[in-house]
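Residue numbers (the working numbering), protein chains in the order written: chain A, 1 to 201; chain B, 1001 to 1209.
Calculated from the structure, these hints are not laboratory results.
No residue lacks a Cβ here, since even glycine has one placed at the ideal position from N, Cα and C.
Incorrect hints may appear among the rest.
[Claimed, not checked] For the chain A half of the interface with chain B, some residues (derived, Cβ under 7 Å), not all of them: (1) 8; (2) 10; (3) 19; (4) 23; (5) 30; (6) 33; (7) 37; (8) 174; (9) 177.
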Amino acid sequence: MKKSFIFPILFMALITAFFTAILAFLNYSTADVIAFNQETELRRTLLYVFNIETPSQESKVVEEVFNKYISEEAINEKKVYIAKEDENIIGYAFPIVGTGLWGTVEGFAAISEDFSELLGIDFVSHSETPGLGGRISEDWFKEQFRGLKLTEENGGNYIIYKPSPGGNVDAIAGATLTSKSVSNFMNQDIYRFIKENKGGR
Amino acid sequence: MAGDSPKKIFILGLWKDNPVFRQIIGICSALAVTNLMLNSLIMGLGLIFVTAFSELTISIIRTITPKHIRMMVQVLIISVFVIIVDIFLKAYYPEMSKALGPYVGLIITNCIIMGRCEAYAQKNPPLSSFLDGIASGAGYTLVLLTIAFVRELLGFGTIFGVKVLGDWWTNWTIMIMPPGAFFVLAVVIWIARSISSEDKEKEKEAVKA
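Make the full structure from the sequences, and use the hints.
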């Protein structure tokens, strides 16, 4: 029997079907939980970039606070998140994206209603080296961008690393290339966003 | 075929036949994830789980698996368990899954699992195989934690993210980068091999392989 031609094929087909069925079931039964987790993650990120405090990190609480302050709108066919407090607009959040050292870095940046100030940034996904470039998602790095002035005169060069003249944030030691590309694409994306939307509203 | 005693399995897995410094397998991931102790610990736990259950499953079906397609079957089973770990973390520990996203996928390419399945689970009864998986995984985890301890301490001045060295400490950035891993791994293998200098012949075999 085991020496036959057909047995290995049959065996493989059976065992593949069996294990795939287990995985399919597991995937099906957790799909909703995972989707909800990802949604919560996005909400947390947006609340973070707008610097809105949540009483706790519980997903239900996060959802409530998020719905209270932030709404989603399409401006120029692009998704933009708008934070409001009592009908007064606090600011806008938009996706920022670019290539890091090893792969694509994705995140969000929020700027104030009058386009003059960076409210905050956060990264959603990246594949930089853990402990080196990966430290872009650590708080000390992200917190530096809060309240950064976005003035017209330096031509879209908002983020400058110390100790260059006019420097306003610290780069990550040992991760020069990641730091550099992060500031590059953020400068570009923020500049583009301001150009496209200022005056339009 | 009677199984080995649990004591013997654990001595082999943790020390005499330790996958990393005796068999020199699984070092690719030992180099990659050891700059933080937490990462190493989770990687180790994931590996213990996957190795143990893959060996168990393979051992159960070893008598009916046609010999010439056994590797295909092994790879299939290993990937199933890795995906289970991945889904489980995503659903119930999203924070951890976010921090370790790429590492979980890395488990699949770990030579230790394949090596143990091929060398042990193919020939031994299910319970021994299961224990062997735990022992080998634990041996790997211990080495990883040792390397990570040195690297995190010298590189960040922290252990499991807790600051232990004061502000006077200058971080050795090289310890966080890949070269640091090579240095520390080499030192660990050197020390471990000097301590267990018995069994010279076996050592030569391992080097040849």
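Taking 7 Å as the limit, does the beta-carbon of residue 174(A) come near enough to a beta-carbon in chain B? 4 Å, holds
Under 7 Å, Cβ to Cβ, is where residue 8(A) needs to be relative to chain B, so tell me if that hint holds or is violated. Since the shortest Cβ distance to chain B is 4 Å, the answer is holds.
Given residue 177(A) as an interface hint, is the shortest Cβ-Cβ distance to chain B below 7 Å? 13 Å, violated
Evaluation of the interface hint that places residue 23(A) against chain B, nearest CB under 7 Å: 6 Å, holds
Interface hint check: residue 10(A), Cβ to nearest Cβ on chain B, cutoff 7 Å. Holds or violated? Violated - the Cβ of residue 10(A) stays beyond 7 Å from chain B, reaching only about 10 Å at its closest.
Hey, does the residue 19(A) contact hint survive, CB to chain B under 7 Å? 5 Å, holds
Under the criterion of a CB-CB separation shorter than 7 Å, is residue 37(A) in contact with chain B as hinted? Where the cut-off is 7 Å and the nearest Cβ of chain B is about 4 Å from residue 37(A), the hint holds.
Agreement of hint residue 30(A) with chain B interface, Cβ distance less than 7 Å: It holds, given that the least Cβ distance between residue 30(A) and chain B is near 4 Å, below 7 Å.
Per the CB criterion, is residue 33(A) less than 7 Å away from chain B? Since chain B brings a Cβ to about 5 Å from residue 33(A), closer than 7 Å, the hint holds.
When held up to the earlier numbered hints, the structure conflicts with 2, 9 and fits the remainder.
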